[in-house]
Structures are given as structure tokens and as C-alpha cells.
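Chains as they are written, first to last, in the numbering used here: chain A, 562 to 1203; chain B, 222 to 536; chain C, 154 to 298.
For the record, the hints were derived by calculation from the structure and aren't laboratory data. Note that the Cβ used here is the ideal one computed from N, Cα and C, for glycine as well. Each hint should be verified, as a subset may be incorrect.
[Unchecked claim] A few chain A residues that don't get close to chain B, going by computed Cβ distances all over 10 Å:
#1 570
#2 572
#3 584
#4 623
#5 708
#6 744
#7 794
#8 796
#9 861
#10 982
#11 1019
#12 1049
#13 1086
#14 1148
[Stated by the list, open to error] With the C-beta cut set under 10 Å, the calculated list includes, among others, these residues of chain C facing chain B:
#15 175
#16 179
#17 181
#18 212
#19 216
#20 243
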Amino acid sequence: MSEYALTDERELHATWKPATGLLGWLSETGHKPIGLRYIVTAMCFFGAAGLEAALMRLQLSRPNNTLLGPDTYNQLFTMHGTTMMFLFAVPVMEGMAIYLVPLMVGTRNVAFPRLNAYGYFVYLFGGIFIYTMFALGAGADAGWFAYVPLSGPGFSPGKRVDTWSQMITFTELSALVVAIEITVTAFKQRAPGMSLNRIPLFVWSMIVTSFMILFAMPSVMLGSGFLALDRLVATHFFNQSEGGDTILYQHLFWFFGHPEVYIIFIPALGFISMILSAFTGRKVFGYPVMVSSLVFTGFMAFGLWVHHMFATGLPQLGESFFTAASIVISIPTGVQIFCWIATLWTGRLVIRTPLLYVLGFFIVFIIGGLSGVMIASVPLDLQLHDTFFIVAHLHYVLIGGAVFPLFGAFHFWFPKWTGRMFSERMGRLSFWLLLIGFNVTFFPMHLLGLMGMPRRVYTYGAQMGWTALNQLASAGAVFIVASIVIMLTNFFVSRRSGEPAGNNPWNADSLEWSTASPPPPYNFLHIPVVSGANALWDAAPDQPFVTGMRTHRREVLVTKTLDAEPDHREEIPGATIVPFFLALTTTVALWGAIFFAWWFTVGTLLSVIVLLFWFWPKREDVEEHLENERKFTLERGGEVPT
Amino acid sequence: MTGIQSALDPAGVQAAQIHNLWHLFLWVCAAVYVVTVAFFLLALIKGRRRVEPVVDAASERRMTIAVGTGAGVTIVALLGLLTASVATGHAIGTFGNAKLEIQVTGHQWWWEVTYPHAEADKIIRTANEIHIPTGTPILVRVATRDVIHSLWMPNLHGKRDLIPGRVNKFWIEADRPGVFRGQCAEYCGMQHANMALVVVAESPADFDRWEQHQRTPAPDPKTAEQLRGRQAFLSLPCVNCHAITGTDAYATLGPDLTHLATRTTLAAGTLINNKGNLSGWILNAPAIKPGNQMPANVLDAQQLNDVVAYLESLR
Amino acid sequence: MSRKLLLLSAICYLLSCGREQRDLTPPISAYARVVKASPNNPYEGNAYALSQGQKLFEQYNCSGCHFHGGGGIGPALMDDEWIYGSTPAKVYASIAEGRPNGMPSFGGRIPADQVWKLVVYVRSLSNLEPPAAISPRSDEMEAKR
Chain A
562 MSEYALTDER
572 ELHATWKPAT
582 GLLGWLSETG
592 HKPIGLRYIV
602 TAMCFFGAAG
612 LEAALMRLQL
622 SRPNNTLLGP
632 DTYNQLFTMH
642 GTTMMFLFAV
652 PVMEGMAIYL
662 VPLMVGTRNV
672 AFPRLNAYGY
682 FVYLFGGIFI
692 YTMFALGAGA
702 DAGWFAYVPL
712 SGPGFSPGKR
722 VDTWSQMITF
732 TELSALVVAI
742 EITVTAFKQR
752 APGMSLNRIP
762 LFVWSMIVTS
772 FMILFAMPSV
782 MLGSGFLALD
792 RLVATHFFNQ
802 SEGGDTILYQ
812 HLFWFFGHPE
822 VYIIFIPALG
832 FISMILSAFT
842 GRKVFGYPVM
852 VSSLVFTGFM
862 AFGLWVHHMF
872 ATGLPQLGES
882 FFTAASIVIS
892 IPTGVQIFCW
902 IATLWTGRLV
912 IRTPLLYVLG
922 FFIVFIIGGL
932 SGVMIASVPL
942 DLQLHDTFFI
952 VAHLHYVLIG
962 GAVFPLFGAF
972 HFWFPKWTGR
982 MFSERMGRLS
992 FWLLLIGFNV
1002 TFFPMHLLGL
1012 MGMPRRVYTY
1022 GAQMGWTALN
1032 QLASAGAVFI
1042 VASIVIMLTN
1052 FFVSRRSGEP
1062 AGNNPWNADS
1072 LEWSTASPPP
1082 PYNFLHIPVV
1092 SGANALWDAA
1102 PDQPFVTGMR
1112 THRREVLVTK
1122 TLDAEPDHRE
1132 EIPGATIVPF
1142 FLALTTTVAL
1152 WGAIFFAWWF
1162 TVGTLLSVIV
1172 LLFWFWPKRE
1182 DVEEHLENER
1192 KFTLERGGEV
1202 PT
Chain B
222 MTGIQSALDP
232 AGVQAAQIHN
242 LWHLFLWVCA
252 AVYVVTVAFF
262 LLALIKGRRR
272 VEPVVDAASE
282 RRMTIAVGTG
292 AGVTIVALLG
302 LLTASVATGH
312 AIGTFGNAKL
322 EIQVTGHQWW
332 WEVTYPHAEA
342 DKIIRTANEI
352 HIPTGTPILV
362 RVATRDVIHS
372 LWMPNLHGKR
382 DLIPGRVNKF
392 WIEADRPGVF
402 RGQCAEYCGM
412 QHANMALVVV
422 AESPADFDRW
432 EQHQRTPAPD
442 PKTAEQLRGR
452 QAFLSLPCVN
462 CHAITGTDAY
472 ATLGPDLTHL
482 ATRTTLAAGT
492 LINNKGNLSG
502 WILNAPAIKP
512 GNQMPANVLD
522 AQQLNDVVAY
532 LESLR
Chain C
154 MSRKLLLLSA
164 ICYLLSCGRE
174 QRDLTPPISA
184 YARVVKASPN
194 NPYEGNAYAL
204 SQGQKLFEQY
214 NCSGCHFHGG
224 GGIGPALMDD
234 EWIYGSTPAK
244 VYASIAEGRP
254 NGMPSFGGRI
264 PADQVWKLVV
274 YVRSLSNLEP
284 PAAISPRSDE
294 MEAKR
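Kindly generate the complete structure, drawing on both the sequences and the hints.
Written out as C-alpha cells, the structure reads:
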């Protein structure tokens, strides 16, 4: 026994427990509550966007339908795409990462807890911003991509597009913040012994995603920023006749837009690996290949963007490079799929709802990937671009590739989040309804596109022959809605009355399953030590853990990047309301700026004042800090108490 | 899958080449899907039968070979598809001398069509309908007066965007006669859904006749009704926007109406060109295409009757 | 809870910005004549009408005399000097009736709703309209090569 006693659980709990009440909620900096907030908020936006889609399907279920006029319909499809891409898909993946990554790497919180809180509030305020403007009749209506000159000052009057472009600023700020935290947490706060080649595949996927966010978001920041400047202060970035360039907008947008879909997709690849591993009882086959595929995909994703612009008349030779790149990027994903099949082949399968959703991925996503290979070809794309074929493709890859794994992940980690098991029967029902409903809705759209139906049309003529397929697609949407409702009901009901889950109901391998369900605010009583590729399966009965960290301060262990050797202890901030205020001043700057540019200055000045509070140095016992910074021990103990 | 606006029913050289490429991609991708899903389902069956996961070195080696083979086959298949794609792209993109040139200018929400000619009085100006001779390579130049549009005639070729400040071009060649439909394929605002055009592919002899006729000025009114109609046209707001060659109407804000009665549709393919639709369109265009630039007009019954009679005489 | 939500949504709906509404099917009106009955512009502060007015200003060749507000053959419209008054009704009358020294009368030539759109645009050139409804530039100078 060392001179430090085994950790006093009560004091640790007192140090880490969240504050209560409204003030407590606003001051929260713990990663688990913030992660859950991201997920719940994103699911609310998912519901809103789903409603928008349901209305669109209703309108398109009959030719020459008069349910919705063109203005409403245009706002609906814009808001649907915008909400799904910016307010649901990326934030929900971020939320999962914020919750899971610190647990999976064996630390107590993300690297920058206040930044984490700030990121959430900025995201929330951005979503509230665009939906408030939507309710006030200023819903964005130029498409989720808002091409100029349609979205420019000459053809989109009012504040609709300004709202859209400013919402992007909110969400990309939030995404950048999360990317920074996750990267630093994953590289510097891993449990001792978790060298790079022992990192769980979900953490790897989030590392790749975070780097992609760092490089992609600035491009859309520029594109939407230039658009906002053109609209607000009469710049000519995209004004062809004054020396600007219409196509520049498309390049800036799609340089972000293509990596964006991989930012959504790659975390889902991480989910699949974690879930497959748990339900086959083995580590995913081909770990080095899996990691390389993730990294390669992340890099390649930046070389594809022109495939969204094949119809714009760019030179053929250049377009061919992007065809090649778009085809090549399917290779690493294909290899991952083969590795997963190998995992299934050699594993011992236990069929439960999370695995069902992951199996659904295989059935659905591969179709999307293959239709993607088709439209990577320039001649084919010239026929299929901007038709319902693309709508079909994008939903197959996004729903098949991201939403199916995401819902699987919800079911998989639900016991960990809530401490209770969900209803397996409802889970299976919701899965089958989604699989069937999704295919009935979106498969006919491949055909509609080939038969000439363009996108973003609020109606079509009866003589076009598109009626039957549209009706089929609209009918399938009912199943999708039913599936979501059943899944959410399952979660709401099981939260209260499900069977208690225990630490590790799936007998899965990563570190979050070693602690209680739901995890205590400090995650682990002792920071764990990892001695093999499988953190839990390879753990000895007397697996070592870290002791000697202070329990009266919030401390995390910082380890070296390559081999996770312990380096030093770092104190991280506790609950504080400053991030909330900074998010408020940021909102003042951004929301006001669309009406009057000087609000931006006012908001920035206010933000600077708040930042003074943020960075004000705390009176601290420097002696105590320096003395203890490098004191910690690895104890070989008995059963690790939870 | 035949249709007047269908990529699966090619009526032109380029569309046929794309259609062939489509078949290649479809069958290869379908085969890949079937094989992958077959292995996937087999894996499920095997996995369900196991009592313990198999992770020994020999099994891992076998899996490595399998995954490697799968990757290799995938790469080869994809390379094949890539080659076919580039070859087709080259084939549809290059052409010899075009015998005919058509200029299409996009507006919100109609298509301005011009057949240029060196002599000014042989230039044809029409709207929302193009005629082409079969078996002839044709150069189509596209531009726009406002936002980005996209000209798409699926039976003949893929689409090309109309981008402000640029003139894009592509070649088409119809290989059989027929009437086809094209539609705007880039979201361009309120009435993007109702911006279509009619494409008539006809024999070169028929096309020559059409071309000759389109070059003539508008026919003079024959009846008193038509005469009153032309008077009304020239004194009503119609002249603010529309041109009729051979009269004092020469504005270019809206479609050229010189040979309106030879066109099969109105309002960019939204309405069949007949008396009832024409009357309704003149009286209240925004009710049919909300947000449209053409305003509603106030005419009494007599005026409407006369104007419609005149316009219907513009063969 | 749900009643509060209902109240909130009702407030939101009522506050629906006049600026953002888009009148896509204007009422069929007689051609613009001198207005006596309606001194108020139905499109006052409306961004869509303003942008339509901007387009009509070009299409009806107002810019031929007034250029883009700077004036030339006709008086400048961007300044504070209004020879015949700057209220919506007076500007309407200028357009519909015409004015001495060369301003043609558009009454009888274009529908009333188009005149109102021009009115709101012309007033915006002198910043008499809410700034949030005005777009600082147009793309209308885009040339076709």
C-alpha cells in the first residue's frame, strides 16, 4: 500500500457532483450531461425536420396538389435539409462523442469543460435562432446549400438567407469547439497503457472526424461569410459582373459539404465497430486496416467536392480526377465492410436490437454506396444530378450509413446512460418498421430520378407518369414515423420502468462498461490501466489502477500521446456559468449582425468582457500544485471497487 | 420505362451512350451488392452457429486473405468502371462541326430560345420550345439572365447548368423523331417546378420547313376580330414585355410571341396551348404560377376574346 | 404547460414579420389610376415587394432617366429633395399620373400592385423604408457574355 489511501468515494463524489437547480443546469461542465443535452436537442431537431419531410411527402403524394404553395414548400425543403445536416446529424454525433470518448479512454471529463458547455449553448442558440425566424415567416428558402445568385441580394429579399448563413456560423463554431476538445481528450487523457494501437475504434473515428471538422468548417465559414457580406454590406464576392465569381460559392460550399457528409458518416462507422465487437464476442477483425481505412477516408473526403459540380461546365480533365477520387474513396469503406463481415463470420453472434440496426446498415448503406459509385461517373451524373436519384442516394447513405448505426448506438448505450434495459420487443419492432418503411419510401426515388423527376419541385403534372411512385414513397413515410415514435416511446418508458442493467449487460469490451450504469459524475473511482488490446476482456483479476489523485479538486491524468504513459495531473474547471454568458454575447453579435452590422461589434465587446471572467487567474496554492503535479501511483489492487 | 422526359428512353446519340454506361454500372453494382450481401448473410448464419468466437492465428490469416481478395476484386471492378466512365465522357463531350446552333437563355421561369444566324433577319426567336432535325449534330449554348438554371432534356443528353457570366455548351444529336420534354434541373426560385420546355425532333425536311416559317414575321390579322385583337395587344400592357415581329411590339422582357400558335404549350410547359388556357393565363398568370413575373391583366370580355383570337392566329 | 406553448406560438404567428411576407398572387386590380382611396402602400416595408420594384425599375426603364437613383435626364431619387412629395401616395401619383417636364404617366399601362412595388423601391433609395427590408445591392448588372 502506498502512502495514499484508496480513493475516498464520498469526497470524490462531492467534488464532481453537478450543481442543482436552474443555475446548476446553466453552469454544468460535466461531459455526460452536456453530451446528453446535445443528443436530446439534436433529436428534437430531428423531429422537426421529420415533420417538414412528412409535409413534403404529403404535398408530393398527388400531382398538382394544392396542400402547400411554392413558398411554403421551398421553405420546408430548405429547413429540412438545413436542420438535418447542421442541427441534427453533426451535433448528435458530437453529443455521442462528448459522452462516450472520455469514458472510453478512461478519464473523468473532456479536456476543456467550459469550452464544451459553450459549444452546446452556441449550438442551442443557433437552432433557436433559425427556428424563431422560421416561425416569424423568415424561414430560409434557397435550399440547404443556398447557391448564389438565387441566395444573393438580388433574388432573395428579406432576412431569410441571412438567417441561414448566420445559423451556419453558430453551428460551425460549436462543431469546431467540440473537435478541439475531442482531439485533445483522445490524444492526451487516455488511461495509462492505452497506447495508440489500443484505442477503441469509435475513439479513432472521432479523432478522424475532429480533424475533418477542423479543415472543413472554415471553408463554409468563408462561403457563408462572403454571402452574408454580399447581402449586408454590398460586397461583390459572388457578383459576376463586378469581378466576383458565382462558382466560387459552390467551390467553397462543397469543399466543406463533401467532408461534412463524412463527418456525419465516420462516427457511425465507429458505432458499428463497437456494437459488432460486443455482439460477436471478439475484437473487430483487422484493427490496423480499420484505422487506416478511417484515416484514408478522412483524407480522401477532401478530394471529392467537385463531384457536386459536374453539371457546371468545368473542364473535363479536371472532372475526371474527381470521378477517380470519388470511386477510390469507396475502397476503404468497402474494406471496412469486408472486415466486419469477417468479424461476423468468426464471431459468436448474439442477436439484440443494437445489432439488428447495425445489420440494417449493411443492407441499406451498401446500396447507397453503390449508387454513389454510379453518380461518381460524369456522364451518369449529368443525367442523375439534381433528380430524385440523388435524393434516394443521399438518404441511403445518410440514413443507412449514419442513422441506422446511430439508433443502434442509442439502444446499445441506453443501459449505460440510464441504468435500465429497454424493451427488446419494441426495439425489434422499431427496427423492422424503419427498415421496411425506409426502403419503401426511398427505393422508388431511384426510378423517379431516372424517369426525369428533378429535385426541389413543389408539384408535378399528372401526365408525367410519376404519380404511382410518389404515392408509394409517401406511404412508406408512415412506417418511418411509426418506427421513430415506437423507438422514442421505448426509451421514455424504459427509463423509468426498465429492468436494471448493471455495469455491462452486453459483456462488451470498452472501458465505459467497467463503471456503474449510469456512470457516477467522476466516471471511474480510480483511473483504470489498460494492459491489452481489449481493455476489459484482457484485464487481469487484479488489474492495476491509478491512485493518488486529489479528490478535493477536479483532476484528470494527462498521459503521453503515443503510449499513454502517465505524464502529469491537470486540474480542470468545475461548474461555472461563464460559458453560458459567453454564448449569450456571441448570439447578440451574430443575431444582431444580420440586421445591423454594428451589433457584431457590440456583441464582440461584450464577449471580451465575459472572456475576462473566463480567463481570470484563480488564486491557487501554487506550492501544493507543483508538489503534487507528478505524484501518482499505479496500485495493484483487488476487485476494482465501483 | 419509356417516357417523354426519361433518361431510360434515349432518343439521341449522347443519351444512348449514357444509357449503355448506365447498364454497365447497374449490372456491376448489382452483382457487387448481391455477392457482398450473400457473404454477409452467410456470415450471420455461421456466427449464429458458433459457440465461441474463433480468433486463432490460422483463422485470422484466412480472413486476411479473404478480405484482401475482396479488396482486390473491388479495386479491379472499380477501375473498370472508371475507364468506361472516362471513355463515355470523352465520347459525349467531343464533336465535329455542329450543323446547327441553338442558344437557350434561362429566365425566371421560362426559356428564351434563339437560333442565331449571320443575317439579322434570319434569326429565330421563340420561347419554351425547340425544334431539331434528327441525325444532325447540334451545338446548344446556354446562358442565363438571372439565377442558375439547368437545361435538362433527358431523352437527348445529360444536363448543363446555366451560370451567370458564363456560356456553357454541349452537343446533342437526336436519332429518331419524337416530342420530348425538358425541365429546369437547378433550383431557381418560386416556380422552378413549372419551368419546362418542349423538344421536337423531326426529319431534316420538316425542320427546314419549320425554320423557314419561323423566320417569317407574324401573319397579318385576317378577320375584324383579329384586327381588334392586335390593336388591343398594342395598347394594353402586353407590349411592355412581349415582342411580335412585324408589329410595333419589340420588348424582350417576356417570351417572343411571333408564332405563339405554333407552340404546343404555354407558360414554360405548364399549360397546353389552347383557347381556354390562353385566356386564363392572360387574365391571371400569377394564379397559375404564383410568384410569376407576368402580372394579372384586366380585360373585358370583348377585349379578351379579340386578343386571344389574334394570338391564336399567330401561326 | 401546453396552454403556455399555444400562447407563445400564437404570439409568434402574430408577430409574423410583414417584412418577410411574399404576396405571390396580387389581387387583380384595375390599371393604376390616381389614387384617392388608399394613401397607404400595402407593400410598405415589404422586402419582396421592394426587390420586385427594383426589377421593375430596370424593366420599365426608369433607370433610363433616373439611372440607378443618381439621376440624369430625370431628377435624382436617392437624395432628400422630393419635388412632388415623398409620401407613398404622392410617389404613386407621380408614377401613375406622370409629372411635368418629362415624367411619363404609367397609369393605364401597368397594374396598381406593380406601381406600389415601384413606390416602395423608390422610397427605399432615399432610405425611407426600414433598412432590414432593403437589399444593399442587386445583381442586376450581371452581363450576359
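Going through the hints against the structure:
no.	hint	in the structure
1	570	holds, 36 Å
2	572	holds, 42 Å
3	584	holds, 46 Å
4	623	holds, 14 Å
5	708	violated, 6 Å
6	744	holds, 29 Å
7	794	holds, 21 Å
8	796	holds, 16 Å
9	861	holds, 13 Å
10	982	holds, 22 Å
11	1019	violated, 5 Å
12	1049	holds, 28 Å
13	1086	holds, 30 Å
14	1148	holds, 30 Å
15	175	holds, 7 Å
16	179	holds, 7 Å
17	181	holds, 4 Å
18	212	holds, 5 Å
19	216	violated, 14 Å
20	243	violated, 23 Å
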